[in-house]
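**Student:** Read off the chains here:
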Amino acid sequence: MSAGANTAAEVAAAVADAHRREWAFVLAATVRVTGDLDDAEEAVQDAYARALETWPARGIPANTGAWLTTAAKRRALDLLRRADVSRRALPKLVGIEGAAASAPPSPLGARDAPDADDAENSVVADDRLRLIFTCCHPALAFEARVALTLRMVCGLTTTEVARAFLVSEPTMAARITRAKRKIAAAGIPYAVPAEADIRERVAGVIDVVHLVYTTGHTAPEGTSLSRRDLTERAIELSELLRLLLPKDRDVAGLLALIYLTEARRASRTDADGDEVMLEHQDRSRWDRAYIDKGLALLATAVDGAAPSRLTVLAAIGAVHDCSPTWEQTDWRRIALLYDTLLAVWPSPVVELNRAIAIGFAESAQSGLDLLDGLAVEPSLVRYPYLQAARAGMLVRLGRRDEAVAAYDEAIALSGNKREQDHLRRQRGAAGGFSAFG
Amino acid sequence: MAEYLLLINTDESVYAQTDIDMTADHDAFRARHADVILGGAGLYGSDTATTVRTDGTGNAVVTDGLFAESKEVMGGYYLIDVPDLDAAIAVAKDVPAYRGGIEIRPVMVRN
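Chains as they are written, first to last, in the working numbering: chain A, 636 to 1072; chain B, 71 to 181.
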């Protein structure tokens, strides 16, 4: 990029890119000036809007993050000067005063925001970590933590966050507003937690990021199987955490799991966007770079550590990733890993997956017996995968009519159109005919 | 610095236990956190509580008992002055609590 005019399309792309890469950086730096998440958010939004207006004529700056940070800080100071001090009902964020005093924002002057000096902005890497820990504080409700992280750290709009979690925009706006209010009123510090609490607090952050990833990986509703916007944000968040907390094994485990799952993304859907089961995926399309990075991270994560939910899930993903064909899958190892997972994280869904693994490691009948035993689980009654898994075992046992009935149940329970289409095709292959196609 | 009220909610059946010495436990707690405790007290049991209910139009009804019945009852409180919620949580975790929990309420700042 160089100074000079850029086309509107170039600018739009650069702003979108800066939004994805730099939002947390710019916001975290601006919070230092405002001492308030709301004001900082407004200032950062304004800075991005100004970028869209001024970059076409002035050219895209070499360091977009620095430009945006300077513009946002300037806007924040404007807001602060204009604000009636008495209107502020809530206290300032706790924990930023000392650092803010030692690193004052650069003086104003130039009409256009210059590229800020890097020395000032280089200290802010740590600020992103403060922002993440503040948004994921255990004193906030879990759903509020997820919403705040997507809004404040990833820069998604309230509309986008609402859409991702299938709630109305006013509901999501109220949830985010209430969370920001609590941060200020309850004195949730804008700080990295004390050493004694860090492990527990990192676990809370990991839960949030993992939920964002899984929600994106198989969207619970809608017309596309996955939500790239969410999985990409989760990957970025995990990579950011890895960068900021390089010694944390749980963070390494999270990123390992995401890489080892993401490695199969290209082959997960066909040209029409329909789901392709692991069994039928073109393994030559799996991303070796992701697999290698994931395996290395997994080794770091499990080195001398007790198994955790994420590392066991990552290990299961690794068995699939390293298996040259479906037929060569080491199902006994996978079944054993599910045993371990059940011990650290008991849940009916884990039992379901263990039953499927045993269905391949031993026999379809033993898998089916275990699945039938799970049919009484209240949490699985409306879970389409239980019926889909039963159908798979019934097909292998040659009990086609029962398989078709199980597929019909799974189709009725699924809320994702792609998943339903996929189940319909499987039902067709099992020998069922339906007027609904 | 910010003030927080720590409301100690306890299952009152623990008061009947003879193997715990609440006075000694709380004296030790006060000594550990003398620098942040502004005040605090224990309360007599829920059977001594009286509630005055008002409907907002000047009518008041006096009744015997707690405002809201629950298994855990507020048995005491501390007012502390600490830098932030994390510090308040750390103090709350150290409050002698037997069966129940500590509710942390930030005290409103008045200008």
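Do not take every clue at face value.
Said to hold, decoys possible - The calculated lysine-lysine pairs, modelled on DSS-like cross-linking and capped at a C-alpha distance of 30 Å, are:
| id | chain 1 | residue 1 | chain 2 | residue 2 |
| --- | --- | --- | --- | --- |
| 1 | A | Lys928 | A | Lys817 |
| 2 | B | Lys163 | B | Lys141 |
| 3 | B | Lys141 | A | Lys727 |
| 4 | A | Lys727 | B | Lys163 |
| 5 | A | Lys882 | B | Lys163 |
| 6 | A | Lys817 | B | Lys163 |
| 7 | A | Lys882 | A | Lys928 |
Hints in this document: simulated from the structure, not taken from any laboratory.
**Student:** None of the hints should be skipped; say for each whether it holds.
**Tutor:** Consistency of the hints with the structure:
1. Of the pairs offered as hints, the one joining Lys928(A) and Lys817(A) is violated, with about 39 Å between alpha carbons and a cut-off of 30 Å exceeded.
2. Only pairs whose Cα atoms come within 30 Å are accepted, and Lys163(B) paired with Lys141(B) is accepted, the gap being roughly 21 Å.
3. For the hint linking Lys141(B) to Lys727(A), the alpha-carbon distance of about 37 Å lies beyond 30 Å, and the restraint is violated.
4. Straight-line distance between C-alpha atoms of Lys727(A) and Lys163(B) comes to about 25 Å, which keeps the hinted pair within the 30 Å bound.
5. With a C-alpha separation of about 28 Å, the suggested pairing of Lys882(A) with Lys163(B) holds against the 30 Å cut-off.
6. A threshold of 30 Å between alpha carbons decides the hint, and for Lys817(A) with Lys163(B) the separation of about 20 Å falls inside it, so the pair holds.
7. Proposed proximity of Lys882(A) and Lys928(A) is supported: the alpha carbons are some 16 Å apart, at most 30 Å.
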